[in-house]
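Novice: Chain residues, written in single-letter form:
2 protein chains.
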Amino acid sequence: MTRIPFSELQALLATVFERHGTSLAVARTLALNCATAQRDGALSHGVFRVPGYLSTLKSGWVNGQAVPVVEDVAPGFVSADAGNGFAQPALAAAHELLVDKARNNGIAMLAIRNSHHFAALWPDVEPFAREGLVALAFVNSMACVVPFGGNKPLFGTNPISFAAPRTGPDPLVFDLATSAMAHGDVQIAARQGETLPEGCGVDAEGNPTCDPAEILNGGALLPFGGHKGSALSMMVELLAAALTGGNFSFEFDWAAYPGAKTPWTGELVIVIDPSKGAGSNFAKRAETLVQEMEWVGQTRQPGDRRYQQRAEAMELGVAIGEDELAHLRELARER
Amino acid sequence: MTRIPFSELQALLATVFERHGTSLAVARTLALNCATAQRDGALSHGVFRVPGYLSTLKSGWVNGQAVPVVEDVAPGFVSADAGNGFAQPALAAAHELLVDKARNNGIAMLAIRNSHHFAALWPDVEPFAREGLVALAFVNSMACVVPFGGNKPLFGTNPISFAAPRTGPDPLVFDLATSAMAHGDVQIAARQGETLPEGCGVDAEGNPTCDPAEILNGGALLPFGGHKGSALSMMVELLAAALTGGNFSFEFDWAAYPGAKTPWTGELVIVIDPSKGAGSNFAKRAETLVQEMEWVGQTRQPGDRRYQQRAEAMELGVAIGEDELAHLRELARER
Numbered sequence: 000m001t002r003i004p005f006s007e008l009q010a011l012l013a014t015v016f017e018r019h020g021t022s023l024a025v026a027r028t029l030a031l032n033c034a035t036a037q038r039d040g041a042l043s044h045g046v047f048r049v050p051g052y053l054s055t056l057k058s059g060w061v062n063g064q065a066v067p068v069v070e071d072v073a074p075g076f077v078s079a080d081a082g083n084g085f086a087q088p089a090l091a092a093a094h095e096l097l098v099d100k101a102r103n104n105g106i107a108m109l110a111i112r113n114s115h116h117f118a119a120l121w122p123d124v125e126p127f128a129r130e131g132l133v134a135l136a137f138v139n140s141m142a143c144v145v146p147f148g149g150n151k152p153l154f155g156t157n158p159i160s161f162a163a164p165r166t167g168p169d170p171l172v173f174d175l176a177t178s179a180m181a182h183g184d185v186q187i188a189a190r191q192g193e194t195l196p197e198g199c200g201v202d203a204e205g206n207p208t209c210d211p212a213e214i215l216n217g218g219a220l221l222p223f224g225g226h227k228g229s230a231l232s233m234m235v236e237l238l239a240a241a242l243t244g245g246n247f248s249f250e251f252d253w254a255a256y257p258g259a260k261t262p263w264t265g266e267l268v269i270v271i272d273p274s275k276g277a278g279s280n281f282a283k284r285a286e287t288l289v290q291e292m293e294w295v296g297q298t299r300q301p302g303d304r305r306y307q308q309r310a311e312a313m314e315l316g317v318a319i320g321e322d323e324l325a326h327l328r329e330l331a332r333e334r
Numbered sequence: 000m001t002r003i004p005f006s007e008l009q010a011l012l013a014t015v016f017e018r019h020g021t022s023l024a025v026a027r028t029l030a031l032n033c034a035t036a037q038r039d040g041a042l043s044h045g046v047f048r049v050p051g052y053l054s055t056l057k058s059g060w061v062n063g064q065a066v067p068v069v070e071d072v073a074p075g076f077v078s079a080d081a082g083n084g085f086a087q088p089a090l091a092a093a094h095e096l097l098v099d100k101a102r103n104n105g106i107a108m109l110a111i112r113n114s115h116h117f118a119a120l121w122p123d124v125e126p127f128a129r130e131g132l133v134a135l136a137f138v139n140s141m142a143c144v145v146p147f148g149g150n151k152p153l154f155g156t157n158p159i160s161f162a163a164p165r166t167g168p169d170p171l172v173f174d175l176a177t178s179a180m181a182h183g184d185v186q187i188a189a190r191q192g193e194t195l196p197e198g199c200g201v202d203a204e205g206n207p208t209c210d211p212a213e214i215l216n217g218g219a220l221l222p223f224g225g226h227k228g229s230a231l232s233m234m235v236e237l238l239a240a241a242l243t244g245g246n247f248s249f250e251f252d253w254a255a256y257p258g259a260k261t262p263w264t265g266e267l268v269i270v271i272d273p274s275k276g277a278g279s280n281f282a283k284r285a286e287t288l289v290q291e292m293e294w295v296g297q298t299r300q301p302g303d304r305r306y307q308q309r310a311e312a313m314e315l316g317v318a319i320g321e322d323e324l325a326h327l328r329e330l331a332r333e334r
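Residue numbers (numbering that gives the first Met the number 0), protein chains in the order written: chain A, 0 to 334; chain B, 0 to 334.
Hints should not be assumed to be uniformly reliable.
Intra- or inter-copy, both count: the list cannot distinguish identical chains.
[Claimed, not checked] The calculated DSS-like cross-link candidates involving lysine-lysine, where the alpha carbons are at most 30 Å apart (straight line), are: (1) 151 / 260; (2) 283 / 57; (3) 260 / 57.
No wet-lab data here; the hints were simulated from the structure.
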């Protein structure tokens, strides 16, 4: 392991993305997202994702040059067509309008369609909480989760992410896959030859398995928490795809694009201004809740581990494998 | 077991509530809610709840005569002070304004505070889906769930409810406690001397137990799905209490009101008009998802069991214990 300054990793990643087919604007957005995940110790969505991004760009499955089209649909509703590009540039393009609408109306939403999301979801909501807003995001992905009571994969890992301000320096932020595990974590476990806990997935025959390789090779994940996680996963399909005009996790077919890894679906972001109405002291109230959570023994709050790693990385540099870094530098020289 | 026409049960319950301290308007709203749950087979929130309602009214803890005050706070934000009454009359009073705002803005929310919620949550969202809207509701309750990693109860059972229209006659509706079990189901299991599955709760010493009586007598429930359910429960506290101006589940103290059973908290309802933007064929898209869910073997969709029981009850009458019905008739005569 070695360490590299955050800004340097960000610039390096931007060069890598641009050299492999994205516009400068898309490269910068993806680089910030990817470097942020690596910095915060969210390794399954950090530099680990670069090969998947590049093979997808090479396959022609995603448009790395796409310019998102943002539409002002209604006083509380922003719509964005990502143009078969990544979701994050669409979110960035709509950010200001979405925040304005939330502040004016109390609540607003952004429906992104025709988009690829290959990243962690918490970077999509944390910035809103830093502006004093509450945010919720839903994204569907690719069929790899068997609905409760079913026998074939249909849902994606379909994460739900939430961010809320508190009076302390960092907001409360969680990002949870509605599958028993995140797909990236299954990939990492497979690569490291690890065994998973019970109840995470099934093999190609639909039998329970704790072997991550069996889940990845023809098997499937299960929802977390039985029928409840399954219901939430269904909700994510409805919000992120049916509501936005994007694909369901089972609808897209990338068979003609060998190397494609990014799900072509949709994303919904809901932003609330808590200063409207009676909850004008929201951040202070959130702080009260956190204090009580600590009081009853929950010493680590959602987001805390990332903030710790972030603080360390901002002081000492972002931790990264020496081989990984050397490979990134090689990729940055390639055309 | 006997059967009684739905309208007769509804009228009987309204009389019971009015005879025990509510206004006629509140009596009608609670009666509809309670009769609906009984009719649909949601027994833990049906007639089973009447003694709790009445002992709470008798204690003076809740104001059965409260007239909710609805405020138009912003183009997408309705606020309601339930006046220390029940949440459902506040929801009913705000319904039309909330729907108008959702249709005009694409999304709107209702923040109810100073309210008591002692009922199932799905009756609060299902009507919106029948009007072609998507709805989400969150309500916090009373400290009986230990946060993940903690050792004392802090969260309520904190349900999340969701409703979405489909082209079929009945919408997709789920209502899930973020605790491993709903409190009402623990009470029923205790009354029937049943043993619970592993992982539902702890006893008064914080040790895991499968005995519902131990959970109710000084013990506590656990969140469903480990840290993920716990994060969602925290989110419900923030949305239903911090955002609305209501109490957290651990804040109210009913010690001076023996017989009080209803949590004095808040509720948040988010309503979305899916006809705005690209998702104009939402109900059809939802139907596609349901067909695929059936195709992969999930034969029962969220809400289906209730709809079956409802259809049977509308034809044959609502099933109710003979003793229960006799007791209701007695209560309806009392003053």
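Novice: Would you mind marking each hint as holding or not holding in the structure?
Specialist: Hints, verified against the model:
1. 151 / 260: The answer is within: 20 Å in one copy meets 30 Å, while 44 Å across copies does not.
2. 283 / 57: Intra 48 Å, inter 35 Å, cutoff 30 Å: neither.
3. 260 / 57: Within one copy only: 11 Å inside, 62 Å across.
Comparing the model with each numbered hint stated earlier shows that hint 2 is the single one that does not hold.
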